[in-house]
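Asks: Residue-level listing of the chains:
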Amino acid sequence: MNILSLFVLIPLLMLLGLWIARNLNQVRGVMVAGSTLLLILSAYLTVSYIGLRNAGATDEMLFTDSISWYAPLHICYSVGVDGISVVMLLLSAIIVFTGTFASWKLQPLTKEYFLWFTLLSTGVFGFFISTDLFTMFMFYEVALIPMYLLIGVWGSGRKEYAAMKLTLMLMGGSAFLLIGILGIYYGAGAETMNVLEIANKYIPTEIQRIFFPAVFLGFGVLGALFPFHTWSPDGHASAPTAVSMLHAGVLMKLGGYGCFRVAMYLMPTGAAIWGDLFLILTTISVVYGAFSAVVQTDLKYINAYSSVSHCGLVLFALLMMTRVSATGAILQMLSHGLMTALFFALIGMIYGRTHTRDIRQLSGLMKIMPFLAVGYVIAGLANLGLPGLSGFIAEMTVFVGSFQHTDSFHRICTIIATTSIVITAVYILRVVGKILYGTCKNPEHLKLTDATWDERFAVICLIVAVAGLGLAPYWVSNVISSSVEPIISQLSF
Amino acid sequence: MDITTALLSMQAEVSLVAILIIVLLTDLFLKESNPRMMQSVSCILLVVQLALNIVPTAGEAFGGMYHSTEMASVVKTILTAGTLLVFLQSGEWLEREDSRRKSGEFYLLTLSTLLGMYFMVSSGSFILFYIGLELASIPMACLVALDKYRHHSAEAGAKFILNAMFSSALMLYGISMVYGTCGTVYFADLTSALTGTPLQILAMVFFFSGLGFKLSLVPFHMWTPDVYQGAPTAVTGYLSVISKGAAAFALMSILVKVFGGMCEQWSLLLSIVIVVTITIANIFAILQTDLKRFMAYSSISQAGYIMLAALAGDGQGMSSLVYYIVVYIVANLAIFGVISAVEQRTNGCVERSAYAGLYRTNPHLTLVMTLALFSLGGIPPFAGFFSKFFVFAAAFHDGHWLVVFLALINTIISLFYYLLIVKAMYITPNDNPVPTFRSSALMRTSLLLCVAGIIVLGLFSSIYQLLSDVATF
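So the sequences go chain by chain: A and B.
Using this note's numbering, the letters of the first sequence map in sequence onto residues 1 to 493.
Using this note's numbering, the letters of the second sequence map in sequence onto residues 1 to 473.
Hints in this document: simulated from the structure, not taken from any laboratory.
Misleading hints may appear alongside valid ones.
[Claimed, not checked] As a list, the in silico DSSO-like pairs of lysine-lysine whose alpha-carbon atoms are at most 27 Å apart: (1) B:Lys31 / B:Lys102; (2) A:Lys105 / A:Lys201; (3) B:Lys102 / B:Lys148; (4) A:Lys165 / B:Lys31; (5) B:Lys423 / A:Lys105; (6) A:Lys165 / A:Lys111; (7) B:Lys159 / B:Lys102; (8) A:Lys111 / B:Lys423; (9) A:Lys367 / A:Lys434.
[What the hints assert, rightly or not] To give an idea of the interface, some chain A residues facing chain B are shown, with a C-beta separation under 7 Å as derived from the structure: (10) Leu13; (11) Pro72; (12) Glu141; (13) Val142; (14) Ile145; (15) Ala175.
As the structure is a prediction and not an experimental result, all values here were calculated from the model.
Positions of the beta carbon are idealized from the N, C-alpha and C atoms, including for glycine.
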């Protein structure tokens with residue numbers, strides 16, 4: 001049995017375990033056991049991947065395996081990982097693991113919540129290991145639909161509206177995606193659904209011209225591409241904590257990953273034709289998201305718009321199509337995944353105590369809940385790109401890579417996008433100053449307590465990951481950049 | 001060819017006639033009406049029928065009048081299995097005081113329509129096809145009006161029979177034109193004789209309209225919501241899947257096999273009808289609060305998706321169409337099963353608001369409904385996702401990518417209204433939800449089979465593989 005299939009098998013077994021679990025402790029037990037196993041598995045995978053690469057494995061993907069599924073349409077269950085998917089799997093495992101602890105005390109219907117949560121993570125893991133277009137698309141959709149119930153049932157605020165909007169917009173994206181996948185499949189001669197094999201085939205320029213935007217938009221909706229990002233603030237604001245973490249941390253990365261692995265890798269000519277238009281859109285995403293975050297008063301909305309900006313930066317860097325910028329894009333996915341998860345976890349914990357996320361009603365939290373407040377500061381600093389934390393490495397690589405272009409169009413886009421760093425500092429420091437420092441105006445808040453053990457554990461795990469990526473980025477970027485190479489070489493003419 | 005070999009080659013029909021007679025005799029000789037007995041007898045006999053015809057066989061009899069391919073044989077098995085599911089669900093309704101006496105009729109009439117559909121899918125000439133169609137329609141009108149003391153049911157019966165007659169007349173007119181221009185009604189001879197003269201195109205359009213009524217394609221769909229709402233729920237379920245499945249298969253095979261020379265004309269007609277059908281039905285479905293009316297519009301739009309596969313006009317299209325029908329049968333019957341179960345406990349209430357908070361009281365039933373709705377909406381890993389993908393792929397392969405794209409956009413609308421029900425069951429608060437109840441064992445078996453189908457049919461490729469292997473015209 002292929003090691004990668006375990007990433008799907010373990011969540012499936014978790015689903016089964018949750019189904020037969022009789023009480024809360026058993027549910028928690030299944031979740032902790034399963035997510036720990038996944039974390040260990042992904043760490044083991046990373047180590048053995050690096051080991052194989054150092055030993056001289058030169059295949060584009062390792063651990064590949066393929067089982068024929070729907071033979072008439074050449075659909076296979078085929079798996080394989082390169083450096084990009086390895087780090088994405090690691091990220092997903094960390095978020096699922098910490099997400100479990102972040103929703104430790106969730107009520108009501110805890111069992112059902114974790115069932116849908118696990119189904120969602122099955123989709124995420126399955127997506128990152130797949131190399132078959134159909135299987136990939138299937139897992140992609142598996143990851144989308146549980147969001148409806150997770151937000152609709154366990155969310156807060158305008159949850160029904162947000163859940164419906166999110167689901168319909170993402171499903172709209174996947175409608176484009178499906179037609180794009182059919183276009184790729186038949187355009188490449190209807191002989192295979194395997195991404196690696198299609199990459200070697202010639203897809204006529206006319207087909208690429210039509211279907212590149214379909215695929216890119218399809219994934220781009222999930223990657224919060226302007227103007228299709230509007231589901232994201234509402235969705236994140238209404239979702240329960242762990243779902244926001246998983247969604248902003250991992251699910252939005254599916255978008256960037258798909259744009260890179262499917263749209264750009266398989267249709268390089270299409271990317272050349274449409275790249276500039278999408279680059280303008282992503283530049284708008286980056287700056288617009290940051291500006292929107294400045295004027296929000298709800299903590300989750302601030303972070304959601306900040307995610308729009310940062311995920312926009314991922315797509316922006318990918319569309320720059322240089323090796324360095326693409327490496328930066330993957331680093332940014334990783335870094336944003338970790339720090340946003342940290343952010344949403346902290347916001348959820350603060351909200352659970354104060355029952356408000358309005359920054360006008362919060363102040364002086366540093367004295368009341370020092371642990372959470374310090375965590376918040378660290379997350380904020382990572383977000384605005386302080387050296388030593390993950391955000392700096394990612395953004396630095398992105399902008400250096402983007403500036404390698406010598407033409408004025410790409411340079412101007414880069415310069416505009418760079419301004420987002422300053423705006424990020426504005427909205428982060430504004431919030432930190434307002435809610436953490438000063439005197440506490442609400443006497444009710446003085447009675448609140450600091451984080452409990454499960455919350456501390458989740459936060460510390462994420463901080464360690466954020467700082468680890470910031471302090472020792474070399475091995476990660478090394479793993480990534482060697483795998484970015486084949487895709488980028490496809491894109492350069 | 002003597003009569004014995006002829007009968008042997010139509011063994012599925014012969015065994016079904018035998019079953020019909022046994023059911024009729026059982027009903028006659030029972031001292032007093034006994035719905036439970038009738039149900040067990042009919043179900044057991046259908047299982048026997050399935051077992052007898054599980055191996056797909058091809059056969060021809062009466063000089064090509066009867067012409068059954070392996071694919072048709074598989075379709076008949078599928079229709080029988082679907083009917084079995086309906087029978088398993090019908091027990092609770094038939095044991096009610098007002099319908100006790102009619103249980104024999106229900107099984108008898110349903111089996112006769114099934115026989116009609118057998119002939120429809122394995123006909124080799126327009127005459128047998130027409131007879132099959134009528135055999136499938138006329139008892140259906142009685143079934144729709146089975147609850148005749150309920151105003152809605154009687155009205156629905158009248159609407160159904162009038163529409164059925166009208167569509168039959170249209171179709172007969174089309175067939176007469178075919179005969180007038182070609183001098184034959186045998187499919188095998190018509191293939192080369194139909195070349196696309198104006199009169200033949202008119203004939204094709206009339207024929208298409210006639211079957212369009214059966215399939216409730218827009219603009220021939222007006223009867224559907226009223227009839228679905230008025231008919232007893234078990235009958236609605238049967239009407240929405242079995243009847244539709246047979247008609248879709250027959251339409252596709254005749255369009256490809258007989259009107260193959262006029263492919264350009266009918267594929268344009270079909271593309272327009274598909275897009276209009278899916279769009280109109282989806283828009284109307286959003287507005288419905290009565291679940292049976294809602295399912296009527298939903299099934300109109302599903303008919304559009306089914307016919308997408310017919311656009312392809314090749315083996316891939318045929319196997320995708322039949323696969324879609326299988327998946328559609330299990331998902332739709334799961335929903336009608338739940339509707340029927342809830343209806344028996346709420347005094348016939350089928351409003352969406354009655355389902356609010358159902359998850360708190362009946363979690364398993366809600367789960368069945370949710371999975372079925374997700375499957376209809378095309379959400380993986382449920383079978384509906386696979387079947388949708390295959391019909392899209394088939395139509396796309398043949399170059400109809402604009403139609404596919406419009407249909408895909410429509411899946412979002414359909415997801416919206418399917419989610420409305422999910423929302424009602426899980427999210428909408430309700431102080432007075434349907435109380436916790438336990439359905440009869442047979443009903444639960446049926447729902448279990450449906451759920452198993454929804455999950456297994458997609459994840460295991462063997463059914464689709466089998467259909468691809470036998471896909472011929």
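Asks: List, from low to high, the hint numbers that the structure doesn't satisfy.
Replies: 2, 4 and 10
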